[in-house]
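Visitor: So the chains spell out like this:
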Amino acid sequence: MSSAVSPPKALPLSDRPSDLTAAVLSYLIPGLGQIYQGRVGKGILFFICIYTLFFVGLYLGSGTVRIKRGEDIEETYTVSSNVYLPDTADQNNPFHLPRLAANLYNRPQFVGQFWVGVAAWPAIWQYLNYDRRQEHGDLLLGDFERTPSEAALNALHTSGDKLLELAWVFTVIAGVLNIMVIYDALAGPAFPTTQGNENKTTQ
Amino acid sequence: MHTLLAGHNIYFVELPLLILLISLVYSATRFEEWRAILYEAIRWGLRLTLFLIAIGIVLYVLHYFNSLVPALFAAFVLAVFFVALNLRQRSP
Chain R
1 MSSAVSPPKA
11 LPLSDRPSDL
21 TAAVLSYLIP
31 GLGQIYQGRV
41 GKGILFFICI
51 YTLFFVGLYL
61 GSGTVRIKRG
71 EDIEETYTVS
81 SNVYLPDTAD
91 QNNPFHLPRL
101 AANLYNRPQF
111 VGQFWVGVAA
121 WPAIWQYLNY
131 DRRQEHGDLL
141 LGDFERTPSE
151 AALNALHTSG
161 DKLLELAWVF
171 TVIAGVLNIM
181 VIYDALAGPA
191 FPTTQGNENK
201 TTQ
Chain W
1001 MHTLLAGHNI
1011 YFVELPLLIL
1021 LISLVYSATR
1031 FEEWRAILYE
1041 AIRWGLRLTL
1051 FLIAIGIVLY
1061 VLHYFNSLVP
1071 ALFAAFVLAV
1081 FFVALNLRQR
1091 SP
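Which chain is which? The protein sequence lines are R and W, in order. Residue numbers for the first sequence follow the numbering used here, beginning at 1 and rising by one. Residue numbers for the second sequence follow the numbering used here, beginning at 1001 and rising by one.
Rather than coming from a laboratory, the hints here were simulated on the basis of the structure. Heads up, the beta-carbon is just placed ideally off N, CA and C, and yes, glycines get one too. Some hints here could point you the wrong way.
If you anchor each label on the Cβ, the simulated ranges turn out as follows [to be verified]: (1) Gly41/R / Arg1088/W: 49 to 59 Å; (2) Lys68/R / Tyr1011/W: 43 to 53 Å; (3) Asp72/R / Asn1009/W: 29 to 39 Å; (4) Asn1009/W / Gln134/R: 32 to 42 Å; (5) Leu128/R / Leu1015/W: 14 to 24 Å; (6) Ser1067/W / Glu71/R: 41 to 51 Å.
Just a sample of chain R residues kept apart from chain W, beta carbon distances all over 12 Å, derived [as the list claims (entries may be wrong)]: (7) Ser18; (8) Ile73; (9) Leu128.
Full structure from sequences and hints, please.
Guide: So, in structure tokens, the structure goes:
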């Protein structure tokens, strides 16, 4: 019988049944895998926490700036979100990587953001269907998670404050935390039993 | 930019939210029972807060004295403080 120790011993990985379906569901929508497994409370907790992080970050990373050029001319720059993958392999590819790898190298934030699941898929759609000539963005998604123009990014950065930097931290952390949520769905929590429960079972 | 959030301080709105949500999700992936999750979340929340305050202190010292030596000294003192705190928590 196990004795009460701190921290409690986790079950070895080989003893845990892997639940691939739950892991895939948790990737698609944070917490959905846990809900599928019957751990509804935890699933809702993951869903609320990760989507709050992601969408608050998305909101903070967006904005519109109006800059006056002369007396009559006013230019408007809009950044719809900070979740996007620009096609910049032609401008910067120092290691001669494949196109997608070079784009991810130039925008490493998306490697973290991707793991939030379907909420980051519009960025992939926009990447695959990007057309610089379309001013108002994609026909289906509009500007949502579309690569903003360099001028808009510069205008927002020069008029903004630390919020823009904090914004992508929110979205990247949401994605990275969802990797842990996926693992929780796949193999269960790191410490499936707590000290208190172990004591109850040994008595 | 954002009229809803205009004029507020990120140290009192965004950072606490970030710490709260990270602590909760991380703890929930470690434990299954709610009591253990909340206990671990509070512990991690405090750790993250103390760590960020420590970085703030080091940066403030660096800014105030405009020299690396006092900042390194402050970092060393804070590191010793954290190690002592950790050892105290681990002791039976």
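Visitor: If you test the structure against every hint from before, which numbers come out violated?
Guide: 1, 2 and 5
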